[in-house]
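Given the sequences, and given the hints that come with them, work out the whole structure.
In terms of this note's numbering, the sequence shown is residues 2 to 267.
Honestly, the hints are just simulated from the structure, not real lab data. Even glycine gets a Cβ: it sits at the ideal position worked out from N, Cα and C. Where hints are given, some of them may not hold.
[Claimed, not checked] Taking lysine-lysine and the DSS-like style, the derived pairs with C-alpha atoms no more than 30 Å apart in a straight line are:
(1) K239 with K3
(2) K139 with K3
(3) K204 with K237
(4) K91 with K113
(5) K91 with K136
(6) K253 with K235
(7) K139 with K235
(8) K231 with K116
(9) K204 with K231
(10) K237 with K75
(11) K237 with K116
(12) K139 with K43
(13) K113 with K235
(14) K113 with K94
(15) K91 with K116
(16) K94 with K237
(17) K58 with K94
(18) K113 with K231
(19) K94 with K41
(20) K94 with K235
(21) K41 with K3
(22) K139 with K116
(23) K113 with K136
(24) K43 with K136
(25) K75 with K113
(26) K104 with K94
(27) K239 with K253
(28) K75 with K58
(29) K253 with K237
[To be verified] Label-pair ranges, simulated between beta-carbon atoms:
(30) L39 with Q152: 26 to 34 Å
(31) Q152 with E44: 55 to 63 Å
(32) K231 with A85: 44 to 52 Å
(33) P57 with V256: 51 to 59 Å
(34) C120 with A63: 25 to 33 Å
(35) K231 with K94: 18 to 26 Å
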Amino acid sequence: MKTILLIDDEADLVFMLQGILTREGYHVVTARNGEEGLAKLKEAVPHLIILDMNMPKMGGIAFYHAIANLSDGKARYPVLVLTARANLEKLFKDLCVDGFMAKPFEIDDLLKEIKTILCKRYERGGAETKRDPGKPVKVLIIENNQEVLGQMVLAFATHGYLVSGTQSGAAGIERAAQDPPDLMLIKLGLPDLSGEATASILKQMPKTMDIPLILYTPPGERPKDASIQKICEKAKVKNLVESNDPALFLEKVEVFFRNESIRSHL
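Here it is as structure tokens:
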């Protein structure tokens, strides 16, 4: 039986979630704030912590940093954060979490997110989701320039892709977590979260960690003080494409899925 530590100061929500999660077969330990949560960790070792952000005495961010490793800043336990949609950008900047749910949320969505995180963490790393070759490829583009985004969306849609776009890293992460695409194109110079930070977060969350990412920057816009190697290491991608030409991205995406198809038949 997997143990879940639920930390939230909303008594009605905690009562409801404790009942639902118990019926789903989980052992649930509850705490009303971060201080109580730290005390509970002395009594139980959870497989997952569900953590609210806004609480009295000790909030979610302070609690997270209290359980984080000094070496890499990552929590010692899987963490699923509950937060208001308006706080997503701050969440992604401050914490390295396994998943998130924007309040208000559907219970079924929460249960799916819990199962995804636990599967990835404890069941042989989780099974990688295979794309159905009979369905159109889903592409998500994160580009803050509305005109460029429109051109890229049109180019991919014209070639039969199911394509969507967002203009910020936080919105892109939320979209990818709700409906994981088959591939993502992420601009390096985004106004809220940088492209490499956005990519790094996606690679850390179990629900999005297997999505292929293409990180790009328009010619001449790469930060002069950052080497391509350092950018790729932070973003956990193989290379950085210095272009915003839709035709070039179409070619790269088509080559990627052609090679994927060949590998699947070997």
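Check your understanding: Looking back at the hints listed earlier, which ones does the structure fail to meet?
Key -> Numbers 1, 2, 5, 8, 12, 18, 24, 30, 32 - these are the hints that the structure violates, sorted from lowest upward.
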